Amino acid sequence: MQTSQKHRSAGIHGFYHQPVLEIDTYGLSHIQILDKNMYSDAGSQGTSVSFETCLGQFFTLESSSATAGFVVYDSPAASISSNRSPFSSQGSLSCISDPRHSPENLYGSPLSGSSSADDSNILRQKLRELEISLLGPESDITDSGSFCFVSGGYQAEPYSSWDWNQMMEMIPRLDLKHVLLACADAVSNADIQRAAGLMHVLDQMVSVSGEPLQRLGAYMLEGLRARLELSGSKIYRALKCEAPISSDLMTYMGILYQICPYWKFAYASANVVIREAVEYEPRIHIIDFQIAQGSQWILLMQMLACRPGGPPAIHITGVDDSQSAHARGGGLDIVGQRLSKVAESCNVPFEFHDVAMDGCEVQLEHLRVQPGEAVVVNFPYVLHHMPDESVNTWNHRDRLIRMVKSLSPRIVTLVEQESNTNTKPFFPRFIETLDYYAAMFESIAAGGSMDVRQRINAEQQCVARDIVNMIACEEAERVERHELLAKWRSRFTMAGFNQYPLGSSVTTAVKDLLKEYHRDYSVQERDWALYLRWRDRDMATSSAWR
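In this text, residue positions in the sequence shown follow UniProt numbering: the first is 1, and each later residue adds one.
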């Protein structure tokens, strides 16, 4: 992964007992943490444990072993990293017996909106059981569900004295979401020793080759480790994830594109709106702020080529950064050549203009809008990458929206993930990320059977980096900053836009698209927009503005 705005995601079945020795072939071994000399002493108040004391108690994917069993601890300074990597399939055995981890009951936790007094009591009880097992019977839990030390000054026992047999016997009865929340709470409060113990427990519960929640848990655990070991702008630079070769990355992106409707939802809904908005225009200028492969415009050109009176002249400006160039295996000229061939085959007058830069860098002069062109602007899953007023005074998010309004566009299409992670503090953001991506990983698993290695690579390269970024990073280094449609509506309205109601033809097109996917996907018309849903969770929204 790269720093700051150079980060981009490439896009959005339980397997057990996979051979541990094959894990490196899944492309996971390249995640690492930089030199530990960069760490600062940030121990929590009320405990004498510091980062320096506990650094040896964490491990990353490269430093973890893959042999069976546990190491013997002779001192508190011994590493707590078990010989089961969190990315080892052995860790998946711990949740098999817990019915709450089945796909039928994934949203049974308080995270999904079905919380109750009973849920809260169960959470406290399970965290209490976990704390007693790890720290001893004199520890206590606050009413909020977080751990604390009793006022008498009890200090956690050294890791060497923990009852590992008792802990291992208890793990199958624990709820993975609850343990992840407890660990995030410890990290949020800089309670290093408690976080270290909970991370060791999570090592036994997560697996990239397990059930959807176990796979998500593996990546969230890595995000927690990265956040705890580093601070501020150092975090993202510490996650040195080498990108796969472009052909492999395209394969991974293609897998998710086929088994999940998220990108097709964006393309289909936007294309129908655009086609209706420019139905009688002789000259059309499409400005796409994340053109990727340009696939969205192939179908639109084919549709416009068949309209009565002949096709319009189409001018496409494609904006994209170096991450997409890597995925393509070359620059935007590849996209231009591809679209030119399609236009020629459809007898559509065509011009392509490339803007090879990050969206934050785009200025009005880069777009080359000509008089007489009907301007169309497309924002597909891209505006949430733009830093807003909470990050810096430039506020590129609102600047871009205002700049687009100055073009007097015929239509602007916006598709975004329906999640709220932009300005939330760390712990609420962790809860939101866990809830949202639990649904996404479940939807990926429902997409049909696939080779386990392909799925692991696809999830890691196209989804996991976003998750780690949201958990581990802050300020400018955190580039995954999602907002709900209500907030986007506020931003567009303040820039002078009016929302354009989506017609029944858009809904029909998306419903036809979803027939190819799992029955638990659905689409709802709400607030003049379309919501793509997985079961009872809104996953993405499509809206239009003018």
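Derived by calculation from the structure, the hints in this document are not laboratory data. Being a predicted model, the structure only gives us computed values, none of them experimental. For each residue, glycine too, the CB sits at the ideal point set by N, CA and C. Any given hint might turn out to be false.
To be verified - Label pairs and their computed distance ranges (CB to CB): (1) 308 - 392: 44 to 54 Å; (2) 357 - 276: 43 to 53 Å; (3) 299 - 403: 36 to 46 Å; (4) 279 - 511: 14 to 24 Å; (5) 302 - 393: 20 to 30 Å; (6) 341 - 522: 44 to 54 Å; (7) 361 - 333: 43 to 53 Å.
Checked hints:
1. The hinted range of 44 to 54 Å is satisfied by residue 308 and residue 392, whose Cβ atoms lie roughly 49 Å apart.
2. About 31 Å separates the C-beta atoms of residue 357 and residue 276, a value inconsistent with the hinted range of 43 to 53 Å.
3. Remark: the range hint 36 to 46 Å for residue 299 to residue 403 is contradicted by a beta-carbon distance near 28 Å.
4. At about 22 Å, the CB distance of residue 279 to residue 511 agrees with the hint of 14 to 24 Å.
5. Take residue 302 and residue 393: their Cβ atoms lie about 44 Å apart, and the range 20 to 30 Å is violated.
6. Taking the beta carbon of each, residue 341 and residue 522 are about 37 Å apart, not inside 44 to 54 Å as hinted.
7. For residue 361 and residue 333, the Cβ-Cβ distance of about 19 Å falls outside the hinted range of 43 to 53 Å, so the restraint is violated.
Checked against the numbered hints listed earlier, the structure breaks hints 2, 3, 5, 6, 7; every other hint is satisfied.
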